[in-house]
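Colleague: Chains as they are written, first to last, in the numbering used here: chain A, 1 to 173; chain B, 174 to 781.
These are calculated hints, taken from the structure and not from any lab test.
Treat each hint with caution, since some may be false.
DEER-style ranges, computed between Cβ atoms [to be verified]:
#1 B:348 - A:6: 31 to 41 Å
#2 B:388 - A:150: 43 to 53 Å
#3 B:395 - A:123: 27 to 37 Å
#4 B:282 - A:72: 39 to 49 Å
#5 B:678 - A:54: 48 to 58 Å
#6 A:20 - B:490: 50 to 60 Å
#7 A:152 - B:248: 34 to 44 Å
#8 A:76 - B:277: 42 to 52 Å
#9 B:277 - A:105: 39 to 49 Å
Ideal Cβ placement from N, Cα and C applies to all residues, glycine included.
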Amino acid sequence: MDGTQTMTREFQEIDSIISKHKGHHGELLSILEETQLLNGQKFLSEEALNHVALRTGVPLSRVYNVVTFFSFFNLKPQGKHTVTVCRGTACHTKGSKALLDDLGLMLGCSKALEDGESFFTTPDNQFTISTVACFGQCALAPVVAVDGVIYSNVTTARLQKLLGKISKGRKKS
Amino acid sequence: METKMINIKINGSDYQAPDGIPILDACKRAGIEIPTLCYLEDVSRNSSCGVCVVEVKGARSLVRSCTACVHEGTEIVTNSARIRDARKTNVELILANHPKDCLSCLRNQNCELQTIASDLGVKDDRFVRTKKELPLDTSSSSLIRDPNKCILCGRCIAVCGTVQTVYAIGLSGRGIKTKVSTYMEKGLGNVACTNCGQCALVCPTGAIVERDDTDDVFEELMNPDKVVVVQTAPAIRVGIGEAMGMESGSLVTGKMVAGLRRLGFNKVFDTQFTADLTIMEEGHELLKRISNKGTLPMITSCSPGWIKFAEHFFPNSLSHLSTCKSPQQMFGSVAKTYYAAKMGIDPRKMVVVSIMPCTAKKYEAKRPEMMSAFEHWKDKKGWSQDDAFYDVDYVLTTRELARMFKESGIQFSNLPVEEFDNPIGESTGAAVIFGATGGVMEAALRTVYEVVTGKPLANVNFTAVRGMEGIKEAEVDLNGTTIKVAVAHTLGNARKLFEQIEKKESPYAFIEVMTCPGGCLGGGGQPIPTTWDIRKKRAESIYQEDLNKPLRKSHENPHIAALYKEFLKEPLGHLSHHLLHTTYEKRGLFVWKSNGVEKKKKEMEHAK
Ligand code: SF4
Ligand code: SF4
Ligand code: SF4
Ligand code: FES
Chain A
1 MDGTQTMTRE
11 FQEIDSIISK
21 HKGHHGELLS
31 ILEETQLLNG
41 QKFLSEEALN
51 HVALRTGVPL
61 SRVYNVVTFF
71 SFFNLKPQGK
81 HTVTVCRGTA
91 CHTKGSKALL
101 DDLGLMLGCS
111 KALEDGESFF
121 TTPDNQFTIS
131 TVACFGQCAL
141 APVVAVDGVI
151 YSNVTTARLQ
161 KLLGKISKGR
171 KKS
Chain B
174 METKMINIKI
184 NGSDYQAPDG
194 IPILDACKRA
204 GIEIPTLCYL
214 EDVSRNSSCG
224 VCVVEVKGAR
234 SLVRSCTACV
244 HEGTEIVTNS
254 ARIRDARKTN
264 VELILANHPK
274 DCLSCLRNQN
284 CELQTIASDL
294 GVKDDRFVRT
304 KKELPLDTSS
314 SSLIRDPNKC
324 ILCGRCIAVC
334 GTVQTVYAIG
344 LSGRGIKTKV
354 STYMEKGLGN
364 VACTNCGQCA
374 LVCPTGAIVE
384 RDDTDDVFEE
394 LMNPDKVVVV
404 QTAPAIRVGI
414 GEAMGMESGS
424 LVTGKMVAGL
434 RRLGFNKVFD
444 TQFTADLTIM
454 EEGHELLKRI
464 SNKGTLPMIT
474 SCSPGWIKFA
484 EHFFPNSLSH
494 LSTCKSPQQM
504 FGSVAKTYYA
514 AKMGIDPRKM
524 VVVSIMPCTA
534 KKYEAKRPEM
544 MSAFEHWKDK
554 KGWSQDDAFY
564 DVDYVLTTRE
574 LARMFKESGI
584 QFSNLPVEEF
594 DNPIGESTGA
604 AVIFGATGGV
614 MEAALRTVYE
624 VVTGKPLANV
634 NFTAVRGMEG
644 IKEAEVDLNG
654 TTIKVAVAHT
664 LGNARKLFEQ
674 IEKKESPYAF
684 IEVMTCPGGC
694 LGGGGQPIPT
704 TWDIRKKRAE
714 SIYQEDLNKP
724 LRKSHENPHI
734 AALYKEFLKE
744 PLGHLSHHLL
754 HTTYEKRGLF
764 VWKSNGVEKK
774 KKEMEHAK
């Protein structure tokens, strides 16, 4: 299937999402939430947003306002696996910055992290690295979450092992 | 229903006020001013700056008076040490993230942030910067946005959305990352923005300003090889005096002409000449559409913000737009054909500068189709694409002209009164009123009536289409056929009339649309501030100038008659078609996909 066909199918799916929510309270939010799940990479593409705006009549600037306000909306493709590094004070003093830098080196995204991007996805779409202000697990600092599982007292070596395992698992499947 | 009056206390004295109005308004009624920054009458009350705080008895913290309301027995204090401290702190917090570039900022000495900081006695810089520096948006040919100077007052968003119904800009992000954005950060030049500049007109700071072209124009004026001529829109003569420190609405036609000569323009002409020409063409176009059962209603096309709005939002109904170019563009093509030939000037050496009340005119002048004079000469002279030139080379707003006067040390109020140059500087009263909402309609009716009936108009004043009402209607009897006409200003009102057309419910034959509130006299390039009171004063001067003119109907302008006799031959004729009429582009909402203009622009750049 080529790109345009995929897009047309996605547009049809968006249309049915829109008709399902039409007239309901918080319509736009629900539409966008479901639309984000359509492409398997958990993000809202520009084409998808255009289509939502066109069909709902909501101005593009308003749509953009909503998708940038709520942190659960992504405008860039999300990797299969998420690595979230805590940047709270406790984790920071226990070396979370160094962890983040090492992650950047391991996955080739030092530049983006240096530029202060709050998240980055590797070109092969396997990993999305993001930071969080605080997990509230300060006693276990430094804390890193991989695919939602929280790991405590993380070191670069441990992280390397973990990511290696995930990558290997990926190769097998 | 009459609002209930209630008793309140302000600073210990008793007053009455309508129940439930904002404290700020109640105080104003009582003659007590409260300083404000983000609030703008009729535009926005988003309660973001905290400058308007007051004490209200019983409230634990200070209250923002622009949004908090009065009730029976409310006791308000508007001045205390605590209030002054809080106001000052709130401004200091804004300034912490503000680049202090006043000396090189276009809004220097005309900036509400600067004024409030000085009024409140802000002296030191105690807070550290918390925001990252953001890039400028320079994608628009009309406006520049500097998000670093933005104080998030929300006025631009309110004007663009509620008044103009364009919604080109909105807030994005949250918390400290909140900013005014275009969709996907594409920039104003790459989204459905009409370039109307109303956002720049209401911005309290230098965060949205016109693209300043004064340096380029100064350079052209210094070039001895160029013949630099200038045209002035009707609304400039009631705006430039104000920008030079005179009273709002001062009518300064003659001084403006004198000032332009002193800047070094070789000839000072008038866009009003081609406003008369527009009436000739547009009037005949209307009559032709009526008699040939063409697309009706026909809508005026002088306002380039409106044109772009129609192209974005009503791309399938563009046949309703008159094909006439705006007076600015008609001037460019007439100057570089008829006038250049008459005077033996090489049109390639001619520079046409427009002084406009409008930021959208900057964009209009650079539309790729606006090169009619070059197209006219190209084959006759054997010129190549390397010789290509626009009909209008530079567009300056009223504010930029004021800047040029000041830079040149011109004492505006002491200037003598001088006359425009001829033959393309003479105009009638019908052309003056183009500057006010309803003016193009009235001017057209004066001519159309006489052309159709062959009888002189008993009363040239069509007062039904004057005034600041959003949509105005009138009926005119043309030799037994009655036509209905309508006039709308602001794009929000224009949208209503266009929606009516798309539903096939429009009762009108002819509609005038002006993008800006009040018409061009309230344009996005006019002096800041522009309030409804000021708009009314400018309108009074416009109608005064109409009365001053010996001739008040476009078809009576002897120089227009000569232009047709010597050159164009007849309205809607072959030459008119090429030089004075234009086409429109179906843009739709997602502009970056319509690359016709972009492609042509690139070709142009290569040609240069
Ligand atoms: S916006 Fe106002 S305060 Fe800011 S730099 Fe410009 S003049 Fe100064
Ligand atoms: S120029 Fe007009 S349309 Fe464009 S952003 Fe400003 S107010 Fe909106
Ligand atoms: S750009 Fe100007 S008008 Fe818009 S929010 Fe910022 S300061 Fe206010
Ligand atoms: S003027 Fe009231 S909060 Fe800004």
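Colleague: A separate judgement is required for each hint: does it hold in the structure or not?
Modeller: Status of the hints after comparison with the structure:
At about 35 Å, the beta-carbon gap between residue 348 (chain B) and residue 6 (chain A) stays in the expected band of 31 to 41 Å. Evaluation of the 43 to 53 Å hint for residue 388 (chain B) and residue 150 (chain A) yields a failure: the beta carbon distance comes to about 59 Å. Checking the proposed 27 to 37 Å range against residue 395 (chain B) and residue 123 (chain A) shows it is violated: the Cβ atoms sit about 53 Å from each other. For residue 282 (chain B) and residue 72 (chain A), the hinted distance range of 39 to 49 Å is satisfied, since their beta carbons lie about 46 Å from each other.
For the pair residue 678 (chain B) and residue 54 (chain A), the beta carbons lie near 24 Å from each other, so the given range of 48 to 58 Å is not met. Roughly 32 Å separates the CB atoms of residue 20 (chain A) and residue 490 (chain B), a value that falls outside the hinted 50 to 60 Å. Distance hint check for residue 152 (chain A) and residue 248 (chain B): the Cβ-Cβ separation is about 56 Å, which falls outside the suggested range of 34 to 44 Å. Roughly 36 Å separates the CB atoms of residue 76 (chain A) and residue 277 (chain B), a value that falls outside the hinted 42 to 52 Å.
Checking the proposed 39 to 49 Å range against residue 277 (chain B) and residue 105 (chain A) shows it holds: the Cβ atoms sit about 42 Å from each other.
Comparing the model with each earlier hint shows violations of hints 2, 3, 5, 6, 7 and 8; every other hint is respected.
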